[in-house]
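Asker: Knowing the structure of chain A, use the given hints to seat chain B on it.
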Amino acid sequence: MLSSFFHPKAVAVVGASSKPGKVGYDILDNLLKFTYQGEVYPVNPSGGAILDKKVYQSVADLPAGIDLGVIAVKAHLVPQSVRDLAARGVMAQVVVSAGFKEVGGQGRVLERELAQAVADTGVRLIGPNCIGIMDTESGLNATFAADMARQGHIGFFSQSGAMCLAILDWALDNEIGFSKFISLGNKVDITESEVLELLAEDPETRVIMGYLEAVEDGRRFMEVARRVTRHKPVVLVKSGVTTAGAKAASSHTGALAGADAAYSAAFKQCGVLRAKSVRELFNLAQSLANQPLPQGPAMAIVTNSGGPGIICADAVENAGMHLAGLKAETVEELRSFLPPIASFYNPVDLTGGAPAEMYGHSLRTVCQDENVDGVLVIMTPAATVNPLELAKLICQVKTDKPVFAALMGSHSVIQSRIYCMGEGVPAFDFPEEAVQAVRGMLAYHDWVRAKPRQPALNHGDKDKVAGIIANLRSQGRLQMSETEARECFAAYGIPVARSLPAATSAEAAAAAAELGLPVVMKIDSPAVVHKSDVGGVKVGLKTPQEVADAFLEMTSRVQRRYPRAWIRGVLVQEMVKGGRETILGLSQDPQFGPLLMFGLGGIYVEVLKDVSFRVGPLSREDADEMVKGIRSFPLLRGVRGEPPADMAALAEALLALSSLAHDFPMLAEADINPMLALPRGEGVVAVDARISLSPPKGDD
Amino acid sequence: MVMIFLGSVRAYAGKNVMALGLGRRLLDDGYSLAFCKPYGSNPLKVGDAYTDGDAWQISQALGLDQSPADCCAVLRTQDLVSQALRGQDDGLMDKALAHCQKMAQGKDVLLLSGAGTLRSGAMFHLTGYELVLKLGAKVIIVEPYENEFFLDDLLSAAHRLREVMAGVVINKVDQDMNEALDEQVKPFLQKHGVTCFGRLAKDELLASVTVQELSDALGAKPVCCFKQMDRLVKRFLIGAMQVGSAQHFFGSQRDFGCIVGGDRPDMQMAALEGGAACLILTGNFYPNDLILSKAEENEIPVLVVRNDTYSVARSLEVVRTRGSLRGPKKIQKAIDLVYEGVDFKAIYESVGLPPK
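If you read the protein sequences in the order shown, they are chains A and B. Numbering-wise (this note's numbering), the first sequence opens with residue 1 and increments by one. Numbering-wise (this note's numbering), the second sequence opens with residue 1 and increments by one.
Among the hints, a few may not be true.
[Claimed, not checked] Think about it this way: if two alpha-carbon atoms lie no more than 25 Å apart in a straight line, the pair counts; the simulated PhoX-like pairs of lysine-lysine are:
no., chain 1, residue 1, chain 2, residue 2
1, B, Lys227, B, Lys294
2, A, Lys542, B, Lys45
3, B, Lys221, A, Lys609
4, B, Lys345, B, Lys202
5, B, Lys345, B, Lys356
6, B, Lys345, B, Lys107
[Said to hold, decoys possible] Derived, one-sided and incomplete: chain B residues facing chain A with beta-carbon distance under 8 Å:
no., residue
7, Gln83
8, Gly219
9, Arg254
10, Arg306
[Said to hold, decoys possible] To spell it out: a stretch of chain A is covered by chain B in this simulated footprint if at least three of its residues, at any positions, have a beta carbon under 8 Å from a beta carbon of chain B; those stretches are:
no., segment
11, 218-230
12, 524-534
13, 563-573
14, 669-682
Read the hints as simulated data drawn from the structure, not as lab findings. Note that the Cβ used here is the ideal one computed from N, Cα and C, for glycine as well.
Same shape as in the complex, but just chain A (with noise of 0.2 Å):
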């Protein structure tokens, strides 16, 4: 599939055009005047010739032979030009066309049908509404770009036509290669999980490079990339990241994962490197194409200006990488030959008069240094060192470490930076991009480097909670009372806090004497999901009396203010002291599935979103990361001699929360807040417990 796309032995162009500026006659044109070497076949009912080429009437007059179809047909003729071709044996095509489900109506239903033309035939197809693909290595220019891409190692995918004109544009400029450019358009066929693997059979596409809207299948986007990174490194760009979230979860977890927090969660665990601007998705793509990847958080700075180095070196910090100690060695060798006045420890300050040579010596001596794991260059537009010799010299360094360039200022450093990036060294304007790039160079060889994760499943009480579905689901419910919530999450190993209910106050208090005083009282009542809003918990309560007034007094303040609602009465519950309030959650994102969240209870959750985000089934790694992935992680690793919460028993319940979610994937939200942490070795108790299930569809 890949070569019939990417090189192909003869290309048919339906809707080829006789006028300069049509779609149809730009994308003959670009075919034709690179360097693709096969046959092409402009196909046009109106015959004659188009750039000297025969134009062949009709899709059924063409040769044999033919791989690759390019359509620039009306939307409307589109899927009986694709039947058209598969008849003819061209089995990879694409749609160029636009006017599909981007425009909606009719739009909608001529993709439809281009949809069942696909189905029916088999066909792969690229599109529509997309501007092409090219090949830099055959010279295959099927787009109507303006110009082509220079040859290179990022292979590149876009969902936005426009991002990839633009992007073809300043590469151009900046001398950055490709591999390979496709265009996505609407995916109505292949989509970025299939480019994804077409790119990573490329033997020319050293690193995966693309911008997404919209993943279509989450789940067979995360297990295709998590294959893919596994020897090719992916960045990708995903747009949509500001949402307003407006929906009004019924769940903390619901409320807090917007749409983008699944993505990043799921770039995360299928080691996609995720760049939060398109220079940013550059500049590490640039890096990975063409530097070898560093093998530690030491790095090197050799500059000839202190405060650029001072810059660098707080971002080489802040990324959470370090400053390479130099050995002794090293540091003689530099004290050989820079001045005196020089530093000759790391930052490497070569001081403002360092001629270029003496930058290519400091360069090779701390490259040899096996402390350094990679090496930043600052430059800064000193009337002594000449830009473009320097360039050369950072260059030529044989080293198998990366090397990465900021060569400060613009007016007289510009030509040397694109002769850097020409050369295949990433040059940057200021250092902090180097160290954002190198620090994505690091992820991504730490991803390499780690045992591929499983998920980490447990075996709960499968009919247990299934019992408690169908009972839902036979009273048309959707809502878990606490007590059916609190069974589902006991049934799979997660503790619970004992508690009784009570439908008087005398039974309450007869309960808080079983239970030992004191105690906590929640509303037990189906109309009321979030029950401290109305007043629906009231904590430590010492003697019989307050559990009895408490009981009156609750339930009587429901009531007001739920007229409507019926109170079964409360729930007694055990109170459980000394542990830090957490949250566990769970909810479904449209792509991904299950999407488990911790965080640290009350305020943290509620005015900081302090929280971490998997995509379920999570792995034992992902738990931990989980638990330590949140901001306020050092208060649970405890503070001013507080014992550290107990972290393994967290993770675990994590593990039980997904295992539960894998089972039954109805389960539309979860919420355990608080869960409390009790001190390390004790474990956690779930204090309340929610579930709702999403709406039965078919066969659930």
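Answerer: Here is chain B on its own, set in the frame of chain A:
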């Protein structure tokens, strides 16, 4: 001694307003008075005892020398409900009757008020209908005017009460309905043997709620201006339009509560500048700093609620029908309305109360 029972066919009809006005007038006219609810459904803890919150408030407002326990004979608590559901509710009617008899001792008038409707309390064998017949109390029905359909319920209640039915007071009457009431409704009722003692005009102040009451009723989190929680909200607007239309929409309205999506800072700002008495931000979104500082500057409380705008608007309907009588202004207003609209002489005659 005369017993007067204020009942209604629908809940939240205005019995408390009538109790305040009639009670005040009876006292002003020199009658000795006791007031209680034989069956109360609004439990409130006063000191160490539970009583009906409305009855206690009315008793206090009228300056009656009654204990909280005096104000209510049988209180509908969750204990009572649970016991009734288990069939353990014997003797509640006897308890209520005995309580009323005790309260009536030495008084000219025992003013009683029902809870909910005349049918309420059936699950405890304690409906208003049964009670008044056993007590021999005269019943004044308070009923909000809606459309002619309210007459169906009213007449069937009158029919059931027969000789203990004294008459009716019609509540929440719009200015433009006065004529219809005089020309058609009153004569019609009279023809069916039901005396109309008067009408209570629809009133904005009585229908208003404080921000604190709103906050409690909605389970909201107030996020600023905690000292302004007693501000009155007289009406509600939903801020869901484009900002450009907001000025026109809010117009010259004042004292309105604006229900607005928590993710609509543009509309929030427009409401803060357009005369809102409070903002109710839906969807559990906290306001940004700009909104908060503007709210602080204009002293407009901001409430954050978890529900969506539609659910909040629906909940507010309940809040508004149940408008409480808290605060001296509202109490005086209630008394004034009754004084203005009710023919006390006719009532006295009907219930057989000798002049003082």
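Asker: Under 8 Å between beta-carbons, do enough residues of the segment 563-573 of chain A, three at least, approach chain B for the coverage claim to hold?
Answerer: holds (count 3)
Asker: When you check the alpha-carbon spacing of B:Lys345 and B:Lys356, does it fall within 25 Å?
Answerer: 12 Å, holds
Asker: Given the hinted pair B:Lys345 and B:Lys107, is their Cα-Cα distance within 25 Å?
Answerer: 19 Å, holds
Asker: Should the interface hint for B:Arg254 be scored as holding, given a Cβ-Cβ cut-off of 8 Å against chain A?
Answerer: 28 Å, violated
Asker: Does the alpha-carbon distance linking B:Lys345 and B:Lys202 stay inside the 25 Å limit?
Answerer: 23 Å, holds
Asker: Hint check: B:Lys227 vs B:Lys294, CA-CA at most 25 Å. Holds or violated?
Answerer: Distance ~16 Å between B:Lys227 and B:Lys294 Cα, so the pair holds.
Asker: Can you tell me if the segment 524-534 of chain A counts as covered by chain B, using C-beta to C-beta distances under 8 Å and a minimum of three residues?
Answerer: holds (count 3)
Asker: Should the interface hint for B:Gly219 be scored as holding, given a Cβ-Cβ cut-off of 8 Å against chain A?
Answerer: 4 Å, holds
Asker: Does B:Lys45 sit within 25 Å of A:Lys542, going by the straight-line distance between their CA atoms?
Answerer: Between A:Lys542 and B:Lys45 the Cα gap is close to 19 Å, so the pair holds against 25 Å.
Asker: Does B:Gln83 meet its interface restraint, that is, does its C-beta lie within less than 8 Å of any C-beta in chain A?
Answerer: At 7 Å from the nearest chain A Cβ, B:Gln83 passes the 8 Å test, so the hint holds.
Asker: Decide if the proposed pair is consistent with the structure: B:Lys221 and A:Lys609, CA atoms, cutoff 25 Å inclusive.
Answerer: 17 Å, holds
Asker: Do the numbers back the hint for B:Arg306, that is, is its least Cβ distance to chain A under 8 Å?
Answerer: Since chain A brings a Cβ to about 6 Å from B:Arg306, closer than 8 Å, the hint holds.
Comparing the model with each numbered hint stated earlier shows that hints 9, 11 and 14 do not hold.
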